[in-house]
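Spelled out, the chains give:
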Amino acid sequence: MENLSSHSLSGTTKNFIDKVVSEENGRAGALLAILQRVQESHARKFLPRETLEYISQRASVPLSRLFSVVTFYALFNLEPQGRNTVCVCRGTACHTRGSSRLLEQVMMDLGLRAKEDGESDKLTATTDDGETTLRTVACFGQCALAPVVEVNHVIFGHMNERSLQRELEALSKREARP
Amino acid sequence: MSQQVSVRIDGELCTAAEGQTIYEVAQANGRSIPALCHMEGLSSAGACRLCLVEVAGIGRLLPACTTPVNTGMSVTTESENLAHHRVMALELLFVERNHICSVCVSNGHCELQALAQKLGVTHVRYPYNYPRLSVDTSHPRFVLDHNRCILCSRCVRVCDEIEGAHVWDIAARGINSMLVSDLDRPWGESENCTSCGKCVQACPTGALVEKGRAVEEMTKRNVVVTTLAAKRDAHP
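Heads up: the protein sequence lines correspond to chains A and B, in order.
All letters in the first sequence, in the order written, are residues 1 to 178 by this note's numbering.
All letters in the second sequence, in the order written, are residues 1 to 236 by this note's numbering.
Next comes chain A alone, as it looks inside the complex (with noise of 0.2 angstroms):
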């Protein structure tokens, strides 16, 4: 399993743990609605290891029970997230409309490679400059969009290489301007 990274955590970063845990605490599902918020407003996106013990230590939650619903839900991030996010899908109507070849091309582009690990049926991979994080997703319920690509958690249908070029363009383009 993944260590986890490590990131210090500033005193503004505790103060909004505080706040987030004392609106939540109490609630039905406060631990997910707290995880949620504090991934949020960190700037990558992600949850780091001293997060998730202030977060034990003031919501009162297990350090061992917040590991498992960290790791349950593919929402949380344990590793830094890219600037940019491209999400491929990878259901049945997306695969027969060629999105194996979209997320090859993707990760070409991008200079990713699949894990070797045998879990090739779902991914995450940040590239090493920390600009784009790509993923793929079971289904996002636009079959008849298919082949279906998210950019930026905007939906791309009807995807082929060449679109899909065009928008990873658009998205180095825009980081380039100041």
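Bear in mind the hints are in silico, worked out from the structure with no lab data behind them.
The model shown is predicted, which means the values in this text are computed figures rather than measured ones.
All C-beta atoms in this analysis are idealised placements derived from N, C-alpha and C, irrespective of residue type, glycine included.
Heads up, a few of these hints could be off.
Mimicking SDA-like on lysine to any residue, the simulated pairs with C-alpha atoms at most 20 angstroms apart in a straight line are [unchecked claim]:
| no. | chain 1 | residue 1 | chain 2 | residue 2 |
| --- | --- | --- | --- | --- |
| 1 | A | K122 | B | G174 |
| 2 | A | K173 | A | R162 |
| 3 | A | K122 | A | L112 |
| 4 | A | K122 | A | V137 |
| 5 | A | K122 | B | A171 |
| 6 | B | K198 | A | P62 |
| 7 | A | K45 | A | R135 |
| 8 | B | K198 | A | R65 |
| 9 | A | K19 | A | S60 |
| 10 | A | K122 | B | I175 |
| 11 | A | K122 | B | R173 |
| 12 | B | K211 | B | H109 |
| 13 | A | K14 | A | L31 |
| 14 | A | K122 | A | R97 |
| 15 | A | K122 | B | N176 |
| 16 | B | K198 | B | D233 |
| 17 | B | K118 | B | V95 |
| 18 | A | K14 | A | K45 |
| 19 | A | K19 | A | Y54 |
| 20 | B | K118 | B | I100 |
| 21 | A | K122 | B | M178 |
| 22 | A | K122 | B | A172 |
| 23 | A | K122 | B | S177 |
| 24 | B | K198 | B | E210 |
| 25 | A | K14 | A | N25 |
| 26 | A | K45 | A | T85 |
| 27 | A | K122 | B | P131 |
| 28 | A | K19 | A | A43 |
| 29 | A | K45 | A | L78 |
| 30 | A | K173 | A | L110 |
| 31 | A | K19 | A | L9 |
| 32 | B | K118 | B | S32 |
| 33 | A | K122 | A | V69 |
Facing chain A, from chain B, some residues (calculated, C-beta under 8 angstroms) [what the hints assert, rightly or not]:
| no. | residue |
| --- | --- |
| 34 | V167 |
| 35 | W168 |
| 36 | S181 |
| 37 | L183 |
| 38 | D184 |
Since the structure of chain A is already known, use the hints to place chain B on it.
Relative to the frame of chain A, chain B by itself:
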């Protein structure tokens, strides 16, 4: 006083208190339903799927340890179909990890092994997974061997409910599920662990054992946990 309900278990009319599970009522009436994750004194998890029973009028099998009895319920605890499912559940437990009895410290004192013998599992019909799993020897007195773990979560519950430390939990999901201590740290580094050893006594297999035991030497005392739980109940 809670309400009394009448249920039929294998045709025999039994009275039970409302809220009791099928497993408890069956046991109170002299039937033994096989189970690996259930333990007297702990909450029910429904993890091992060995206590599945048939309930008249319900098309699927239900876990006896988590299903409360209802008035007029008719339960079957032994049948060809149930035997088939229980054997399959055991076989799937065996293929999932590396259960090699001949070199296991719990050989001869293992609930998984004993149940397989009792239910007549002589061979396994599915391909073995042979996962590469680690052994955590960082604790000064105990060892965690993931190869023998069946994810029954008894250790998780005994540590949480009886000891109150909640050192253990199950991380990830599906085939990747794994027992972890704290934030997936070595057991020996856990500041919450009191080294009480109740998880070791509760573990049905050779996954949690005492250090320094050779093959066949690790006997467990489940009764320690059950007695403690009963005493806790007496002094609320």
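Please work out if K198 (chain B) and D233 (chain B) have their alpha carbons no farther apart than 20 angstroms. 17 angstroms, holds
Please verify whether K122 (chain A) and R97 (chain A) have alpha carbons no more than 20 angstroms apart. 18 angstroms, holds
>> Hinted pair, alpha-carbon criterion (20 angstroms max): K19 (chain A), L9 (chain A). Please report holds or violated.
In response: Cα-Cα ~15 angstroms, so holds.
_Hint consistency between K211 (chain B) and H109 (chain B) [alpha-carbon to alpha-carbon, up to 20 angstroms]_ = 16 angstroms, holds
Q) If you draw a straight line from the CA of K122 (chain A) to the CA of A172 (chain B), is it 20 angstroms or shorter? A) 14 angstroms, holds
Mind checking the alpha carbons of K19 (chain A) and Y54 (chain A) for me, to see if they're no more than 20 angstroms apart? Distance ~13 angstroms between K19 (chain A) and Y54 (chain A) Cα, so the pair holds.
Take the C-alpha atoms of K198 (chain B) and E210 (chain B), compute the straight-line distance between them, and say whether it is at most 20 angstroms. 11 angstroms, holds
* Taking only the CA atoms, is the gap from K19 (chain A) to S60 (chain A) under or equal to 20 angstroms? -> Status holds; Cα separation ~15 angstroms.
- prompt: If you draw a straight line from the CA of K118 (chain B) to the CA of S32 (chain B), is it 20 angstroms or shorter?
  reply: 12 angstroms, holds
Quiz prompt | Satisfaction of hint between R173 (chain B) and K122 (chain A), Cα-Cα up to 20 angstroms | solution = Roughly 13 angstroms between the alpha carbons, so the hint for K122 (chain A) and R173 (chain B) holds.
With a cut-off of 20 angstroms on the C-alpha distance, tell me whether K122 (chain A) and G174 (chain B) pass.
Holds: K122 (chain A) and G174 (chain B) sit about 13 angstroms apart, inside 20 angstroms.
- Query: Can the restraint linking K122 (chain A) and N176 (chain B) be considered satisfied, given a maximum Cα separation of 20 angstroms?
  - Reply: 13 angstroms, holds
Hint compliance for this structure: every hint is met.
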